[in-house]
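Q: Could you build the full structure based on these sequences and the hints that come with them?
Protein chains in written order, with the working numbering: chain A, 1 to 238; chain B, 239 to 692.
Because the hints were derived from the structure by calculation, they are not lab data.
The structure displayed is predicted, hence computed values, not measured ones.
Hints should not be assumed to be uniformly reliable.
What the hints assert, rightly or not - Stretch by stretch, here's where chain A covers chain B in the computed footprint (C-beta under 8 Å, at least three residues): (1) 253 to 266; (2) 515 to 529.
Claimed, not checked - Residues on chain B that point at chain A, a partial pick, calculated with CB under 10 Å: (3) Val-241; (4) Leu-296; (5) Arg-298; (6) Cys-600; (7) Leu-620; (8) Trp-636.
Said to hold, decoys possible - Negatives, chain A to chain B, calculated, CB over 12 Å: (9) Asp-96; (10) Arg-125; (11) Glu-127.
The C-beta atom is built at its ideal place from N, Cα and C for all residues, glycine as well.
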Amino acid sequence: MTVRLMLTCLCDAFYGEVGIATVEVLQRIGCRVEFPAEQTCCGQPPFNAGDWAASRAVAERCRTVFELDDPASVVVTPSSSCAAMLREGYAMLFPDWTLRAQVFEFGEFLVRHRGIVEWPGRLRREEPIRAVYHRACHGRGLHLGDLHERLLGTVEGIEWVGLPQAEQCCGFGGAFSATHPKVSTGIGMEKLAQVATTGAEMLVSGDMGCLMHLKGLLSRQHSPIEVRHFAQVLAEAQ
Amino acid sequence: MSVPKVEAFARALRGEVVTSVRTASAAKVASRVSTLGEAFDDIESARTEAARIKDEVLDRLRDLLLEFEARATARRIQVHWASDAAEANRVVLEICRRVAEPGAIVAKAKSMATEEIGLNSALEGAGFRPIETDLGEYVVQIDGDHPSHIVTPIIHKNRVDVARSFVREGLGPYTEDPAELTMQARAKLRDVFRQASVGVSGANFLIAETGRIVLVENEGNNRFSTTAPRVHIAVAGIEKLLPSERELPLFLKLLAGSATGQRLTTYVHLISGPREANDPDGPEEVHVIFLDNGRTRVLEGRYREILRCIRCGACLNVCPVYRQVSGHAYRHVYSGPIGAVLAPALEGIDAIGDLAKASTLCGACEEVCPVKIPIPRMLLELRDEAARAGLGKRDIPWKRFATLAGSELLWRAGLTLLPIARKLPSALGREWAQKREMPMREGRSFREWWRERS
Numbered sequence: 001m002t003v004r005l006m007l008t009c010l011c012d013a014f015y016g017e018v019g020i021a022t023v024e025v026l027q028r029i030g031c032r033v034e035f036p037a038e039q040t041c042c043g044q045p046p047f048n049a050g051d052w053a054a055s056r057a058v059a060e061r062c063r064t065v066f067e068l069d070d071p072a073s074v075v076v077t078p079s080s081s082c083a084a085m086l087r088e089g090y091a092m093l094f095p096d097w098t099l100r101a102q103v104f105e106f107g108e109f110l111v112r113h114r115g116i117v118e119w120p121g122r123l124r125r126e127e128p129i130r131a132v133y134h135r136a137c138h139g140r141g142l143h144l145g146d147l148h149e150r151l152l153g154t155v156e157g158i159e160w161v162g163l164p165q166a167e168q169c170c171g172f173g174g175a176f177s178a179t180h181p182k183v184s185t186g187i188g189m190e191k192l193a194q195v196a197t198t199g200a201e202m203l204v205s206g207d208m209g210c211l212m213h214l215k216g217l218l219s220r221q222h223s224p225i226e227v228r229h230f231a232q233v234l235a236e237a238q
Numbered sequence: 239m240s241v242p243k244v245e246a247f248a249r250a251l252r253g254e255v256v257t258s259v260r261t262a263s264a265a266k267v268a269s270r271v272s273t274l275g276e277a278f279d280d281i282e283s284a285r286t287e288a289a290r291i292k293d294e295v296l297d298r299l300r301d302l303l304l305e306f307e308a309r310a311t312a313r314r315i316q317v318h319w320a321s322d323a324a325e326a327n328r329v330v331l332e333i334c335r336r337v338a339e340p341g342a343i344v345a346k347a348k349s350m351a352t353e354e355i356g357l358n359s360a361l362e363g364a365g366f367r368p369i370e371t372d373l374g375e376y377v378v379q380i381d382g383d384h385p386s387h388i389v390t391p392i393i394h395k396n397r398v399d400v401a402r403s404f405v406r407e408g409l410g411p412y413t414e415d416p417a418e419l420t421m422q423a424r425a426k427l428r429d430v431f432r433q434a435s436v437g438v439s440g441a442n443f444l445i446a447e448t449g450r451i452v453l454v455e456n457e458g459n460n461r462f463s464t465t466a467p468r469v470h471i472a473v474a475g476i477e478k479l480l481p482s483e484r485e486l487p488l489f490l491k492l493l494a495g496s497a498t499g500q501r502l503t504t505y506v507h508l509i510s511g512p513r514e515a516n517d518p519d520g521p522e523e524v525h526v527i528f529l530d531n532g533r534t535r536v537l538e539g540r541y542r543e544i545l546r547c548i549r550c551g552a553c554l555n556v557c558p559v560y561r562q563v564s565g566h567a568y569r570h571v572y573s574g575p576i577g578a579v580l581a582p583a584l585e586g587i588d589a590i591g592d593l594a595k596a597s598t599l600c601g602a603c604e605e606v607c608p609v610k611i612p613i614p615r616m617l618l619e620l621r622d623e624a625a626r627a628g629l630g631k632r633d634i635p636w637k638r639f640a641t642l643a644g645s646e647l648l649w650r651a652g653l654t655l656l657p658i659a660r661k662l663p664s665a666l667g668r669e670w671a672q673k674r675e676m677p678m679r680e681g682r683s684f685r686e687w688w689r690e691r692s
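A: Here it is in structure tokens:
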């Protein structure tokens, strides 16, 4: 089947490797991937900031680029945040409009749409690595639950440990991270304190928003903890 | 860049307060999950049912209020209507002046509605002596403080703070032992109950079909406050109704589980009216004051579902922002996620709409809410409303962002310039980089990789 990749602005700007990993995984399961090069942003940043007029302008473009009126259009994005924007945010922005395309968060597409419950493969490392998974908050509205953790749990070469207080946000919150830096980093430090209790060497999540923020905190502390997107772990497992 | 008020408050907050709030909140989140899991076969359908019942109450509010008034009056409970805080205080003072001597003690059971109307200062202004009898509220009162949580008012304090306050008030010798501190307060408060002429409480639920007042508590001070004095006054928001007592088991279990991780509170009171001729004790008069104070306006507007709230405080406990800033950062009686919607809904967004921006929109609040209030959606709507009203400072030029994102060419040019742009001084960048490294391009560019392979 053919899917359209919504890269996300963060992967477009900083984390190209996550986009590449997403394409590699999709191809490995037999999907043909299209990348509409005209894509920019889904409009979530101004939407969350309250500037719905600016958000509508960006979102309308996104509707056209990804043909969101077409039930045959299948859109996959490695971010629960962007998927939630298309599925929930647009309903608030455009009350008279209905999303007809099939929009999936990447892990959701693999597990729920393609029915993939095991990921045969082993991380290319000499030693098994101890890892924790952080659930991105926008997965709540999409009812993603623990589907990423279940799939990742089948990858060999990783010892998964449960993250205490998993329901707690990382503190990123988009523009909030810059307008409320003390609160944002306070929440992030709390998340990292929980990660530290597990002795994890690798922190994995399905959303680069969370990971950009946590990575920023970790590198300021010169932490050796490796930060990886869900797609990168699957792509690495061969 | 101006610093938002919640952020400014967090910057000035003592580390011990954050520790107290975080520790207590995390413990309550854990006990809530395990208790509700045991109490309900299917917590999701219980929450859906509770939300449906509260919506029905809001839809039929006028009729249910009149039904309550008729049934309660038949029980000799006197029902009063107050359109705002001043009117509610006036009704309480009129009753107190009629039945109590000047300077009389008024025993207060814990009540957010009386916090909302500022009843204590109204009573003091009229020469009465209100004394809070809930342990946490008592500490708040002797410290001249405000509750920082709707269920656990001194979550921001630790036992050392309480020990010092009790010594200062002459309650007994210094001790940090919670049991001993409780006994010191108990001795003091027993005298209050004996001497009080009037007891004032809130109400957790008011039953339309039977005209009864339902109160839940753990300390027994509600029982004393509502039975020992000659007169009991309950102050409650108009949204506190339930259609009948058939709904009570569901709501009592949801409230206790969500608020304190209990299967049921230690006491559940169903108050049926003043004492009968043969009763050995009980108040001679019982009054209910229904408080509107902006609720009718909220009922007609965009934030109507916020009136489903049963004041359990679960959204505060689970909120990552609340844990960092504590309740006082919200500058309102109602704090945390519920306060961030209820406060501006009641007071107006021009007064306190900034609270809506102090959120990561993580959605944990909605996930734990026993009546499924869509708080994140309302925070977004409040942000939209504030922006359309021209309120709040625009830190980010979203219009320019929209122009950039409106064209592939400009967008890609922007991405190319990003490595340079991130080095330029900017207020937002400075804030970001206080404790975090700025993001930078890692590995290959997706667009280049895609172009090369196709």
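Q: Among all the numbered hints in the text so far, which are the ones the structure does not match?
A: 2, 4, 5
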